[in-house]
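Number of protein chains: 4
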Amino acid sequence: MYSFANDYSEGACPKVLTALIQTNNIQSDGYGVDVFCQTAANVIKKTIQHDDVDVHFITGGTPCNVIAASLLKAHEAIICVETGHINVHETGAVEATGHKIISVKGRYGKILPEEIRKVVAAHADEHMVKPKMVFISNATEMGTIYRKEELTNIYNTCKELGLYLYLDGARLGNALIATGNDLSFKDICDLTDMFYIGGTKNGAMLGEAMVVRNEELKPDFRYLIKQHCAMLAKGRIIGVQFLSLFEDNTYLENAKNANVMAQALKYIFAQFMIPMYIDSPTNQIFPVIENSLLEKIKANYKIIEWGPYDESHTICRFVCSWATKKSDVQDFYNDLVTYVNKK
Amino acid sequence: MYSFANDYSEGACPKVLTALIQTNNIQSDGYGVDVFCQTAANVIKKTIQHDDVDVHFITGGTPCNVIAASLLKAHEAIICVETGHINVHETGAVEATGHKIISVKGRYGKILPEEIRKVVAAHADEHMVKPKMVFISNATEMGTIYRKEELTNIYNTCKELGLYLYLDGARLGNALIATGNDLSFKDICDLTDMFYIGGTKNGAMLGEAMVVRNEELKPDFRYLIKQHCAMLAKGRIIGVQFLSLFEDNTYLENAKNANVMAQALKYIFAQFMIPMYIDSPTNQIFPVIENSLLEKIKANYKIIEWGPYDESHTICRFVCSWATKKSDVQDFYNDLVTYVNKK
Amino acid sequence: MYSFANDYSEGACPKVLTALIQTNNIQSDGYGVDVFCQTAANVIKKTIQHDDVDVHFITGGTPCNVIAASLLKAHEAIICVETGHINVHETGAVEATGHKIISVKGRYGKILPEEIRKVVAAHADEHMVKPKMVFISNATEMGTIYRKEELTNIYNTCKELGLYLYLDGARLGNALIATGNDLSFKDICDLTDMFYIGGTKNGAMLGEAMVVRNEELKPDFRYLIKQHCAMLAKGRIIGVQFLSLFEDNTYLENAKNANVMAQALKYIFAQFMIPMYIDSPTNQIFPVIENSLLEKIKANYKIIEWGPYDESHTICRFVCSWATKKSDVQDFYNDLVTYVNKK
Amino acid sequence: MYSFANDYSEGACPKVLTALIQTNNIQSDGYGVDVFCQTAANVIKKTIQHDDVDVHFITGGTPCNVIAASLLKAHEAIICVETGHINVHETGAVEATGHKIISVKGRYGKILPEEIRKVVAAHADEHMVKPKMVFISNATEMGTIYRKEELTNIYNTCKELGLYLYLDGARLGNALIATGNDLSFKDICDLTDMFYIGGTKNGAMLGEAMVVRNEELKPDFRYLIKQHCAMLAKGRIIGVQFLSLFEDNTYLENAKNANVMAQALKYIFAQFMIPMYIDSPTNQIFPVIENSLLEKIKANYKIIEWGPYDESHTICRFVCSWATKKSDVQDFYNDLVTYVNKK
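Protein chains in written order, with my numbering: chain C, 27 to 369; chain U, 27 to 369; chain F, 27 to 369; chain D, 27 to 369.
Excised from the complex, chain C in its bound form:
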């Protein structure tokens, strides 16, 4: 049974795996202060065209977000959209650090500057939490991406209101390589206070690279990594992987394959008049599938059922990755032809 359920069904992409093998027996310092991490940090700084940042390697996305929250003072809160990963899918990890998340509707998974303003205006006194950080994802949980104008407006709003803007880049590669994207790595760094570049979902076994630009957020950062369970004794294995991904164009190439395969699936669905719930240009797509057809698909493919659309249709999620092959997509097309004809 083939899985389109997510972009972390396989291990590492071939180049990253090779790097892990080749460096395996070299001795290095522990806890992420080794030469691999240092070199990887430098390569990332070059990629994002920012020398003025700190780069830290973290075990996963949830710890990145938890560390971001732990930078706040006791009474400060985070604003994000209702569908935000921290608001739904991290088992209250942010609240477990003591901080409230204030959720807003958003549009297509993206937050709007006026929503931020409204929250700040409504939190006027010491009987309420004090909003201090805005959390966004790019690509979003819905597969959509921020345009440069949108991100600029959000960032300017944050600066005007004294808020930090933090970007969860679990699928940042998929966003930056997407059709319609006009943001660069440098833009992401220019237009946020802190963000992370996702490795886990784009070719690494595990690991994310946190980039801290705002000077206020830099001090004692490694204390927080350690305290929040996100520092590996063999921290070098994340450095090795990011070095491998960023020393050439592998990171974006991985993301490109994922996007292209997902868009190919979208095209296939379109041929069968199966509509999308939301138009995503990245590696996640959300077809609305008739239930009897869905049963047939599920007999041979792992996918995610996002929720009911109506009585006879279900919103589904199909995800591709660096590991998705043309032949996998072709096989799915062939199977779909069979399913539909049998219907």
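What the hints contain is simulated information worked out from the structure, not anything from laboratory work. Beta carbons: idealized from backbone N, C-alpha and C, even for Gly. Honestly, I wouldn't trust all of these hints.
On the chain F side, residues computed to face chain U include the following (Cβ under 10 angstroms) [said to hold, decoys possible]:
(1) L97
(2) A100
(3) E152
(4) E241
(5) P245
(6) L250
(7) M257
Position chains U, F and D against the provided structure of chain C, taking the given hints into account.
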């Protein structure tokens, strides 16, 4: 420069690395519910001769300890020795979950039943925290090991007093294979409520296996793994590694090599009349080295300076691992001969 | 300038003040285990017709709610309506204990059983928090009250779903004495797992009485009171006050005066065709006032502006208490006549 | 049975009670921003000769200490002596905010500058918490007091090491009025970053006055009071009490009575050759009493048994307050004569 600084200077041991390579492209479910993790859990259950346990794979030792703490109620506290890892070297991660650590002196890194009794007796009312969990390590931070009689006494004391006994097994293999050890994997499980088997320091790239025997601690355990940043999207990579370590005798063989090499170093030091600060039978040894000799050693070897012994001597820590080769130890012997003769 | 801004503008009601004076020089034990607290607890047990409960005296409403949250396990969450006091007006105190609040729309400030079901259904796995407690207020933040049928349905839903039902009774007296109420003190206890009887807003200087009926929530309760800053050295002063309020009918009489005065204000507004934003039968009313009239009122009266209704009208909050006198209401009527005629 | 068990056995001192009565029916704003609190703050500023401070009124000592802890960043820790109130008698309330307490031995209940230095030196990297605040009490838990030279040395050490110095003044009056004291209110403010003036144990029903001098600790302070359950709706009742205590010399006079009575008890014990465990000049004394005599005392007096001294003697704690009368002490003397003669 060769490093005896710790047991996590290299990547994975050869067999584990091979397993990661061989399984890399196989699709699996995310978040540690895959077939590799399930099989690894079963193999561990067989090794410890306990079918009645839950086995969970966790990213590292600090998250294991944090999850243990998070099982407590708001007012409950943990007892451990002053040198306990959670008390010193985890950046307050346990307290960050809201729980106090009550430290006692211990002896040779080990806690004494009478210390536990004394703490419980002293915490008599609701103006003080309520001790509920005892934390021990085997091997301890000082490289020492618990004898079966000692562990039995501690466990019985805990049961009498209504306390959980939790054992940090970051170096459990080194303890169980040590000369003088009379505990088995089964004993460890019989004589604790929960413990973890350390992978990171014994041949894995990362990862530990938490074993939960006490029924009270089992429900909703995976919620805590997720909340405390210790669940990987590609959770399979820890399962794969533990399967590789436990499907045959690799785990204990790795530990044996580490111990044998460390004991060989001890023998070398003895030849030069260099005493040990504490007598450890495991893979960490603590020679007391004269400072001018130490300078010469440090010019070619990375080691840890544990602290000053007196004005002219320093307590040092040398650690060996699965990766330490006879030739590394022989080289050190040869160099030591040279250093001492030059002295 | 007279204040209708809230129900805590004055100190204690006369009977309570007298009790404090009369007992002032009597020595008693500290921290709420004194004879006044014990007697008050017994009187409350009699009032609510429940011998099987624990009664604790707490400094205020926020600490009551924080203690309720601290009874949960690390990954468990609270469900409440968007306007819930814990969700808006307690500076994230619940989240500061590490627990997420899941908010639902509600209707007229009241939660609906189907909303509870929907939240529980949506929180299906360990990547999300686990809902475990439902928080309601009676009277609600909007001045409305629960009918017995409503509360019964909510309680049954909670029991079916394995949730605790906790009721914030900051204005419980105002609810129970309101026109249209069909709940008794005994019903409140029968139909919740834990609730508190508000003292601060109904004649006490400070203090609330927490009533714990569910056996699971009883153990070690005083540890939580202490840890969460809600235990007074001179705990007796809360016991003395509750004894004074409950040894006869003072508690409900205080509430009745507050309600009657607020309803008189409502009648006055009606005479001037000033509508209510929401129909509240308790001591808070929400008239929608034209802005130029509002300016005149504000020149002589402190009231709360709840928010804009439209461009020319504002939703206001008027609150009465045990201390509001008929003459205060009459004065307001006279002033209103003047303002309106001048208009 | 007369109680020497503590200094909070009675209600408010007469002057404070009168103030509460006289202001009871005056309407005021809620939550501690009323005119009584403002005036009380001004009177305190005058007393301590500091205009540059913020003064906040808090419900009790534990909340004061919890708020102090909540000012720290996630990885920062507090240093205090083993007997420190936060370390022993607050049910882990500080750790419940996420912060570790590092305890040192101290001498006579007082911390030593060299202990602070040693802790800071030992906490050298991100694997350990970062010490950031020193917590002291004056008078200490053992009834002892800090000399000006001692406090100056501690403060200078803190400033040199980048630490905040916070002083718990639950019994500050007793310290400042003690024989041998050479510190003034102004000195306390000069030589700390933040401290609180205890009301509960010196004539108030409840309440403490937090004085914040360090600019870094001032912003958003009221958010923390609210979040940590220490803000009363009728906050005015603490302001009224502190105004009453500080508008004249009542605060120190209350403390003086307490000290004088305790010292009279000490003199009585000396007459019977009953030694003190520690020499305290304040309102707590610690006689070492032979056990058969102790039984006779306990039949008529409530006192605290601090712990066993040897097989036949017990360390006891006797405490006096503003409420202790000469006749109470005289009665005790008479009873003691009887007990000893009967012996």
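We went through each hint and held it up to the structure:
no. : hint : in the structure
1   : L97  : holds, 8 angstroms
2   : A100 : holds, 4 angstroms
3   : E152 : holds, 4 angstroms
4   : E241 : violated, 15 angstroms
5   : P245 : holds, 9 angstroms
6   : L250 : holds, 6 angstroms
7   : M257 : holds, 8 angstroms
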